[in-house]
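**Student:** Residues per chain are reported as follows:
Number of protein chains: 4
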Amino acid sequence: MAGKVAIGLIGAGRIGRLHAEHLMYRVPGAMLLAISDIAPGAAERCASDFGIPAVEKDYRALLDNPSIQAVVVCSTTDTHAGIIAEAARRGKHVFCEKPIALDLKVIDSALEAVRKAGVKLQIGFNRRFDANYRRVWELIREGRIGDLHTLRITSRDPAPPPIDYVKASGGLFLDMMIHDFDMARFLTGSEVEEVFTLGAVRVDPEIGKAGDLDTAVVSLRFENGVIGSIENSRRAVFGYDQRVEVFGSKGMAQTANNGANNARVSGPDEVSEDLPLNFFMDRYVDSYVREMREFVRCVAEGSEPPVTGYDGKMPVRIGKAARLSYDQHRPVRVSEIVSEA
Amino acid sequence: MAGKVAIGLIGAGRIGRLHAEHLMYRVPGAMLLAISDIAPGAAERCASDFGIPAVEKDYRALLDNPSIQAVVVCSTTDTHAGIIAEAARRGKHVFCEKPIALDLKVIDSALEAVRKAGVKLQIGFNRRFDANYRRVWELIREGRIGDLHTLRITSRDPAPPPIDYVKASGGLFLDMMIHDFDMARFLTGSEVEEVFTLGAVRVDPEIGKAGDLDTAVVSLRFENGVIGSIENSRRAVFGYDQRVEVFGSKGMAQTANNGANNARVSGPDEVSEDLPLNFFMDRYVDSYVREMREFVRCVAEGSEPPVTGYDGKMPVRIGKAARLSYDQHRPVRVSEIVSEA
Amino acid sequence: MAGKVAIGLIGAGRIGRLHAEHLMYRVPGAMLLAISDIAPGAAERCASDFGIPAVEKDYRALLDNPSIQAVVVCSTTDTHAGIIAEAARRGKHVFCEKPIALDLKVIDSALEAVRKAGVKLQIGFNRRFDANYRRVWELIREGRIGDLHTLRITSRDPAPPPIDYVKASGGLFLDMMIHDFDMARFLTGSEVEEVFTLGAVRVDPEIGKAGDLDTAVVSLRFENGVIGSIENSRRAVFGYDQRVEVFGSKGMAQTANNGANNARVSGPDEVSEDLPLNFFMDRYVDSYVREMREFVRCVAEGSEPPVTGYDGKMPVRIGKAARLSYDQHRPVRVSEIVSEA
Amino acid sequence: MAGKVAIGLIGAGRIGRLHAEHLMYRVPGAMLLAISDIAPGAAERCASDFGIPAVEKDYRALLDNPSIQAVVVCSTTDTHAGIIAEAARRGKHVFCEKPIALDLKVIDSALEAVRKAGVKLQIGFNRRFDANYRRVWELIREGRIGDLHTLRITSRDPAPPPIDYVKASGGLFLDMMIHDFDMARFLTGSEVEEVFTLGAVRVDPEIGKAGDLDTAVVSLRFENGVIGSIENSRRAVFGYDQRVEVFGSKGMAQTANNGANNARVSGPDEVSEDLPLNFFMDRYVDSYVREMREFVRCVAEGSEPPVTGYDGKMPVRIGKAARLSYDQHRPVRVSEIVSEA
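So the sequence lines, in the order shown, correspond to chains G, A, R and H. The numbering of the first sequence is my numbering, which starts it at 8 and goes up by one. The numbering of the second sequence is my numbering, which starts it at 8 and goes up by one. The numbering of the third sequence is my numbering, which starts it at 8 and goes up by one. The numbering of the fourth sequence is my numbering, which starts it at 8 and goes up by one.
Just so you know, the hints here were simulated from the structure itself, not pulled from any lab data. Careful: at least some of the hints might be erroneous.
It does not matter which identical chain is used: a pair holds within one copy or between any two.
[Claimed, not checked] Here are the simulated SDA-like pairs of lysine to any residue, each with C-alpha atoms no more than 20 Å apart in a straight line:
{"hint": "1", "residue 1": "257", "residue 2": "212"}
{"hint": "2", "residue 1": "11", "residue 2": "31"}
{"hint": "3", "residue 1": "11", "residue 2": "58"}
{"hint": "4", "residue 1": "257", "residue 2": "280"}
{"hint": "5", "residue 1": "11", "residue 2": "84"}
{"hint": "6", "residue 1": "11", "residue 2": "287"}
{"hint": "7", "residue 1": "11", "residue 2": "52"}
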């Protein structure tokens, strides 16, 4: 087991269990030593299901463990920034689920702790590691698209989350479209300069009563001159709708949804196929494995993680700009969203 | 030949010749009696090529001909409104290519003449008659999409027109995106309330020097609450890129580009298909036939044409709003573009 | 009209009317002078519908007309060979619908008359002119497939013809699969050496009672070493199913069915598209135009037609071999089907 | 760990390592206790890589281990039947890779041992568990295809195996097409009654010198009246080509190849996608997991495995019939291939 990166996992909820399984079985360079969760029994169940050696109630026990080199943070969003900072001060490398925090000052404070400690921090924007998006990214880098002119991201969930989740989530732009802002930065290789938001409540009036939107089209202008749009909906009845299209001087690249099978039926009334995958864990499972392999590799090699703390912060700024654009019904420059960095 | 609608064709340029061929060969209810063109020889060549009985230098000769019930106007844009009004006053029904005019007062004046004369007027927004778009329109009407939430139109030309054409065209929004504004109104069954424009010069700096854009993403909000976007580029290296996507409470409909064949080759390096059709006359030829059949049917039956003078005017207003949004960098309500109607 | 090929059309049934419309409107090099049909009124209706100048009861009147350079034969199959021979002797070039005859001696006799007269004869294997198949043919010629290894043709009709038609048709192999035998020769550029037939009655027992099959898989070995198979069914509930796949040392080419539109609907239960075109005249209309343009061009230029009398005869031989293989339950060499040529 | 099925793995080659990883990480109901391999170091490496507790040189040590309930046989083909029989006599359930043996008497003898011992035996026809084929199987069972009329299987490898492997493999029909014979039986739910083989050496003359074929089209007639064909090639330059098409009274179902991503590029010359997956372990990895889960479930529940010893034997008989058909150039009934069962 020598040479493996020793890891502690904080949080045994849905996403924590996913990473637990991957760290145990599908990330050869990792050794998951212990898991913690404040919810009674959650860490124990996860440890038992996947054979994790140790269980702790308090994540601080993982930080106290000198064998542990890195922590994977899957606790609730409000705890992310604090744990990042604390872990950094204890010299632990950190993989943290998105978002770092909903408040930019809090994010900056966590990033500053990371900077001072000189530890690695990777943010869980897993879609960058999805084979479809990764291929588009490569095509752009290979010059197959030429100079990029426009970008378009479609991102629709199969169903809205519970209304209580909506209320605490930071809203459509910080909870859902944040992934798309990251994808936009990833693919264009440029920062978003300005956004304009068209928003609506079309899926569920309760979401509107909670002060949020469930449908939005955000126009974006990038620093490198690319223009584009992102469309979100909280409910696509046909499943998880996740696509991108980039267009440039030499061509266009597009991705399609992924299905569980590709059987095609020609019947008396129509030609049909099964729906796209309906659950993000099915759709993106390989990307979660790949992001974790990358994190473990970066820790082992001492190299810079592919999704940095800065990458974790910028989509929050863009999301705030998008909301401000909606509230004030005008184009908003991201630079209006003040942040120390 | 009894019962056929007797038609005069004004203009023997590219689009005039297309309609000439269709009126002679593919619109059984029509009888094309004569053609006029101010360019020496053009009408003669067209008449000879397609067997049109009579040729006139001046379109007024067609209006003077008591046998002619309707005229098809394919002359230059600046003559459209005047000919419409004159033809209406002479009791001729009119099919006119888009746009009616670039000036709203001029349009209103032409439409008023039509109203007073009680003749039929159909505007040449041919894409409404294309099989792909027509099917999406039907799917919406059949309720297959449910309540419409969002709309997205992609419209890219294979190559920009000559720079002299660009200068006289009214610009990207009135020359090219005008088709998409019409499509947006057609599919949503609603008026555009407000637009916001992101524009760029990415294809050819000469277009920018001429004061125009060659790349644009326009966000739209419709009166019925639908939101959406239209993307235009003056050059898609892979051909004529014309697609639409509508999304609603019950599903989504999408169209793809049309190709000359569907052969698919799996070779040592990739799986490939031939490019989409590259020329609008190839891509949309059937829609031109269908729109003309509809016009002739409406004249014969005395019914209202499917694309009215109002339908011809509104996209001009929206186009002006889109340009104003770009110029003033703010969302613009279509109602800001003053018009009498 | 100088320089146009003057044509007489024999037969005003379904396929005759199709060619009439094309010859009048879509084949610029042709001038259709007269039409004949033995059925009272049929030629008159066709002439009236498409503006054909003259009508004759007896096709011999067309052969007597010295202005007519070529005849298009769309009468019933049993009359084809006789008319070809008679027309040839009168010095008329001939386009004849498939098959020339069901009897090889009769075919040979007609081809001999053509040879002696030195006139042009083109057989109506229209699918060679379809854009999909033509593209596959080009890909093979361009070397994109490399050495051809295997060929597969799928050919299914939307519904079986009336049982009376079945009885007189020559059976599945001479009426339906004959097109596929021609396609096989066209694509491989080689002669069929041997066939083995698996046949069944799966669609309609009446077809079996009539001594015919409605479902068949025929294996083929070509003289150039290619092997392959053809599958036919008299009824595909989803429409006209017409596809080909060629495979070789450098790759594979495949065609798909053609639809009336390409709209794709993602609904709550499935992703679906409209059925393929259901009627051969819709599916293959362009190929009928192209074959006639080619015939007229060959007559005008004095060049060899692209589908010769020999091309008309060989599929009949292969069809007879396929039936013999079924009857005797053994592989049959095409050379066993004796013919003079 | 109570309730888990204790397993011993025989053979640590390529496929053995695949099953080892799955049994350790992806088959929750299994507990892999030990591995054996006669090659020095192979079992040790596998045990170390995947954390298998014990290593044995001789598989008999696994059979001697009273804790082990079932063995997974991944040794060379010539050892399969002997190990099956021996394991059965020791009361162990058996999962065995295909084929059981190349000799039918040897197969019968192994199956008899299994029958007498009353243990479970599952054969590794993994493709039955692939999502695409499984969906087609379901569609047939759900009645979506109606009465099945025809079946077509395409199965092409990316590259031929080494010539030494070819010589020992039993030939194209027993080494490669055996999977397709199994698929044919699985999908039709019927036995193959008769085959006719067209074979060729098109890929590599060395394969021909070794007495084998590299290209074949086999026609099949099934007991339930279905007819069909299977096409094999040892080399498809574009990757692993694995597709099926079933056609019946109510419709058709087809599968396509699987790719690593679905990005689609429209460039100046063509529209292209990446090649299909090139390696069977990539293409079919999920099916290997699913077949093993099923085996473990059947052992745990005492139910009949989904791919029986009989299912393992019949494709060998069909393969021998296919070869005999090629050798004698005539249709061969599977019943001609004598076997005791």
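**Student:** Give a verdict on every hint.
**Tutor:** Hints, one by one, checked against the model:
Proximity of residue 257 and residue 212 under a CA criterion of 20 Å is satisfied inter-copy only: 17 Å between copies versus 44 Å inside one chain copy. In the homo-oligomer, the alpha carbons of residue 11 and residue 31 lie at most 20 Å apart both inside one protomer (12 Å) and across protomers (19 Å), since each shortest distance falls under that limit. Taking identical chains as interchangeable, the C-alpha atoms of residue 11 and residue 58 lie at most 20 Å apart whether they share a chain (17 Å) or sit on different chains (14 Å). For the identical chains of this complex, residue 257 and residue 280 are inter-copy neighbours only, at 16 Å across copies versus 32 Å inside a copy, given an alpha-carbon limit of 20 Å.
When the C-alpha separation of residue 11 and residue 84 is checked against a cutoff of 20 Å, the pair qualifies neither within a copy, at 28 Å, nor between copies, at 37 Å. In this assembly of identical chains, residue 11 and residue 287 lie within 20 Å of each other by CA distance neither inside one copy nor across copies; the values are 29 Å within and 30 Å between. Taking the shortest Cα distances, residue 11 and residue 52 sit within 20 Å of each other only across copies (17 Å), while inside one copy they are farther apart (24 Å).
When the structure is compared with the earlier hints, violations turn up for hints 5, 6 and for no others.
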